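Read top to bottom, the protein sequences are chains A and B. Mapping the first sequence onto full-length UniProt numbering, position 43 (from 1) lands on 43, and the numbers just tick up by one. Mapping the second sequence onto full-length UniProt numbering, position 82 (from 1) lands on 82, and the numbers just tick up by one.
Just so you know, the hints here were simulated from the structure itself, not pulled from any lab data. Just so you know, these numbers come straight off a predicted model, no measurement behind them. You may find that some hints are simply not true.
[As the list claims (entries may be wrong)] Covered stretches of chain B (chain A as the covering partner; in silico rule of three or more C-beta atoms under 8 Å from a C-beta of chain A): (1) 3 to 9; (2) 46 to 53; (3) 63 to 77; (4) 80 to 90; (5) 104 to 118; (6) 209 to 223.
[As the list claims (entries may be wrong)] Derived, one-sided and incomplete: chain A residues facing chain B with beta-carbon distance under 8 Å: (7) Ala38; (8) Ala39; (9) Ala44; (10) Val47; (11) Ala50; (12) Thr51; (13) Gly52.
Where is the CB? At the ideal position from N, CA and C, for every residue including glycine.
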Amino acid sequence: MTTTTKTRAISTSRFVPAVFAVALGAALITLTGHVQAAALHDAAHDVRHATGFPCH
Amino acid sequence: MLSRFTISAVFAGAAAGLLTGLLQLVFVQPVLLHAELYEGGDLVHFGAEAVSAHPELPGFDLMRDGLSVIFTMLTYTGYALILIGAMSFAEERGTPITARWGILWGIAGFVAFHLAPGFTLAPEVPGVAAADVTARQVWWFATVAAAVVALWLIAFGRSPIMILIAAVLLAAPHLIGAPEPDTFAGPVPTEIGALFAARAFGVGLAAWVMLGAFAAYFWQREGEQ
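Produce the complete structure using the sequences and hints provided.
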């Protein structure tokens with residue numbers, strides 16, 4: 001019983017940061033690869049093409 | 001726990017991104033610069049005179065190429081965060097996460113984030129005709145999401161039905177079709193376009209294999225402390 005509770009506690013403590021990490025990663029990809037703001041687009045232009053993102 | 005995610009992702013993403021940025025400068029950038037000579041009209045395909053296939057290209061540009069390397073590191077740090085998030089879910093279910101297994105994770109990441117969307121929206125050389133960028137981005141995200149779910153089902157699904165669902169998810173975006181341009185207007189020779197797509201895929205695969213191995217390695221290393 002104790003073991004079950006402990007395992008579940010670990011899962012919960014890992015679940016939230018894991019979801020946060022995925023969300024942060026997705027936000028970063030959106031910023032570097034997709035946002036069309038001119039300054040970002042120009043700076044990331046070559047990377048967007050080379051990484052296969054739709055660029056312009 | 002959160003610091004384990006962020007620290008291992010930053011190390012893995014920065015390392016893989018730096019190496020990938022350099023690979024792109026060596027193998028992809030010259031093809032891109034060559035294409036831009038046609039995009040900007042300096043060279044004309046099927047013009048009055050035959051054009052040399054080996055023109056003089058602009059050299060290394062500290063600002064432009066430096067920014068490219070920085071943005072590649074940022075991009076792969078983003079991918080590392082997503083990859084490590086997924087790895088931690090799998091580890092929770094009893095899958096060992098080691099650098100060697102990380103290579104397989106990396107190949108899966110390449111399939112989901114590069115090959116799946118690129119199968120229909122091939123990596124674009126500058127100057128190609130393409131549909132509205134927002135529509136293509138929506139299709140890109142949807143295709144990547146479907147491929148991520150599909151690969152997870154293939155790797156961890158417990159019944160053949162899961163494989164079937166995965167196959168449908170992988171094929172559907174391409175059967176539905178991506179936003180395509182109404183007319184073709186690309187001024188760049190097809191040889192350059194094909195080489196660019198091939199180089200982008202090749203460097204992408206190398207990038208993801210490195211990212212997978214580094215992500216798993218740093219995830220374990222940060223877990224030991």
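- Would you check whether A:Ala50 satisfies its interface hint, that is, whether its CB is within less than 8 Å of any CB in chain B? Where the cut-off is 8 Å and the nearest Cβ of chain B is about 4 Å from A:Ala50, the hint holds.
- Tell me if chain A covers the stretch 46 to 53 of chain B under the three-residue, 8 Å CB rule, please? Check failed, 0 qualifying residues.
- Task: Count the residues of the stretch 104 to 118 of chain B whose CB lies closer than 8 Å to any CB of chain A, then report whether that count reaches three.
- Result: With 3 residues close enough to chain A, the hint holds.
- Hint validity - A:Gly52 Cβ closer than 8 Å to any chain B Cβ: holds (4 Å)
- Would you settle whether the hint for A:Ala44 is holds or violated, based on the nearest Cβ-Cβ distance to chain B being less than 8 Å? holds (4 Å)
- Item | chain A over the stretch 80 to 90 of chain B, status - at least 3 residues with CB closer than 8 Å | holds (count 9)
- Any CB of chain B closer than 8 Å to the CB of A:Ala39? Because about 11 Å separates A:Ala39 from the closest Cβ in chain B, which is outside the 8 Å limit, the hint is violated.
- Restraint outcome when A:Val47 is required to lie within 8 Å of chain B by C-beta distance: holds (4 Å)
- Against chain B, is A:Ala38 within 8 Å by beta-carbon distance? violated (13 Å)
- Report holds or violated for chain A covering the stretch 3 to 9 of chain B, Cβ cut-off 8 Å, minimum 3 residues. holds (count 4)
- Within 8 Å of chain A's CB atoms, at least three CB atoms from the stretch 63 to 77 of chain B: coverage verdict: holds (count 9)
- At a threshold of 8 Å, is the proposed contact between A:Thr51 and chain B supported by beta-carbon distances? holds (6 Å)
Going through the hint list in order, the structure does not satisfy hints 2, 6, 7, 8.
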